[in-house]
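Chains as they are written, first to last, in our numbering: chain A, 1 to 342; chain B, 1 to 165.
These are computed hints drawn from the structure, not numbers from a lab. Even glycine gets a Cβ: it sits at the ideal position worked out from N, Cα and C. Careful: at least some of the hints might be erroneous.
[Said to hold, decoys possible] Below, simulated BS3-like cross-link-like pairs (lysine-lysine); rule was C-alpha separation at most 30 Å, straight line:
{"no.": "1", "chain 1": "B", "residue 1": "K27", "chain 2": "A", "residue 2": "K321"}
{"no.": "2", "chain 1": "A", "residue 1": "K321", "chain 2": "B", "residue 2": "K16"}
{"no.": "3", "chain 1": "B", "residue 1": "K35", "chain 2": "B", "residue 2": "K24"}
[Claimed, not checked] A few chain A positions that, by computed beta-carbon distances, are all more than 12 Å from chain B:
{"no.": "4", "residue": "I4"}
{"no.": "5", "residue": "L53"}
{"no.": "6", "residue": "G166"}
Here's the letter readout for the chains.
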Amino acid sequence: MEFIDILIIFIKILVMFAVVLVTVAELVYTERKISAWIQNRIGPNRVGWKGLLQPYADVIKLLMKEDIVPTAANRFIHTLAPIISIGVAFSTLAVVPIAGETITMFGRQVEMVIADVNIGILYILALTSMGVYGLTLSGWSSNNKYSLLGGLRSSAQMISYELSMGLSVIGVIMVTGSLQLTEVVAHQSGWMWNMVLQPIGFITFVVAAFAETNRTPFDLPEAEPELVGGYHTEYSSFKFALFFLAEYANMITASAVITTLYFGGWQVPYLELLELPTGLVVALQILAFMVKVAFMLFVFQWVRWTVPRFRYDQLMDLGWKVMLPIALLNVVITGVVILLLP
Amino acid sequence: MQGQTHDKYTLTFWEKLYIPEILKGMKLTLEQMLKKKETRLYPEEKWVPPPSYRGAPVLVLEEDGVERCVACGLCARVCPALAIEVQAAETADEKERYPERFEINMLRCIFCGFCEEVCPEEAIVMSPTYEMVFTKYEDALFGKDQLLTPAAQLRPRLEFLRAHR
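Please model the entire structure based on the sequences and the hints provided.
Okay, here's the thing in structure tokens:
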């Protein structure tokens, strides 16, 4: 590994980081706008053109606030928890391929993925499970009953839904025959998206992804009417901002993973028939990837402002009695179909 | 007690599947999302009140530059909030009396319109003005200079009063 290779990876990381940060900021904006539209309101429209700079004003306001650590809190873990959350949320994106072709940069063939590890799916599942530590530790270290309840709920919820998530991914792995995300995407050329091949797995994965990202209807860890603010009740200023950022970054990660696994990632159907120059192809593939992710993000927000929150027992029932059997069934069906088809 | 309990609603197969029902809900919210919004963007887009609206009370100024008020003091007498103060004086005009000083304390005014109702000369009417902001107490005391409004501006209200009183 030469210096130039490290530099290229560094640039890729930096670009990804910047894109995600800006997307998070604008997600806050779209969240407010979409909620407003659904409720027949107009939404933020004062800061910047059509209110586009609203999230930046929000962030500045947030950072100006006093950073409070409760006296009875465990100071070290209280600080560590948001760092875990944000670290996990960002590092998952490292394995997501955003385009298929390579481009030439500094005389090297640069792949459009930060790290093309051969166990990409495993890496994603492992890291998303790590995310629960951030929430649970924040709940526990705050020394507040509401935070603790939020943290406990999040751990129970995420572990329950991790199972069906992992099992629905097995369907994709069986179809593709690889854990490498670039191959998963390459396998979905044309319209052979996994969404079409794995409709049951797709639904269970999306539902599980909603639960994993703590979005409504599964936002029990921060259910305001019951738990004040949930696990981040005792957080303020920068640490709260980090949790906020992590939540939205998780949403982006989930959307990117759903896109990669089920929407065919960067695949643009029948693009290869046009025989365009490589640069244009890469640009179109990145654009396709971004459009798919944006659509998924919109669905996330759309569902949030449509579906009311589950009760805790309903959540557990759904996770263990419905999602898990369906995901298992999907594995069996996929296996039988693969066995019967040549 | 019989008949007090409600039968538990049993979901049909399709409702139990959750997903179709959620999609129905999402269709509904999407329709709401695309609807035209009724919100008025206030400071840019101002509301024009109808003639029946009771805004700040003002004194009617005739075209010849003389106010209609004859300083009878009925408005000050009827005002439930004691917001009006009138000081009469004599004049060589036909009406013989005129208000030397006419002051409405806009912080006390409750926009009830009693002054307008009681006025025999139709000299004090409720204008359509609804934007009144003061930073000092003194600013809220409207004297004659602020109250006198040309009759032409108050035409819709005067016509409304004539038609409905």
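*If any of the earlier hints don't hold here, list their numbers in rising order.*
Violated hints: none; all satisfied.
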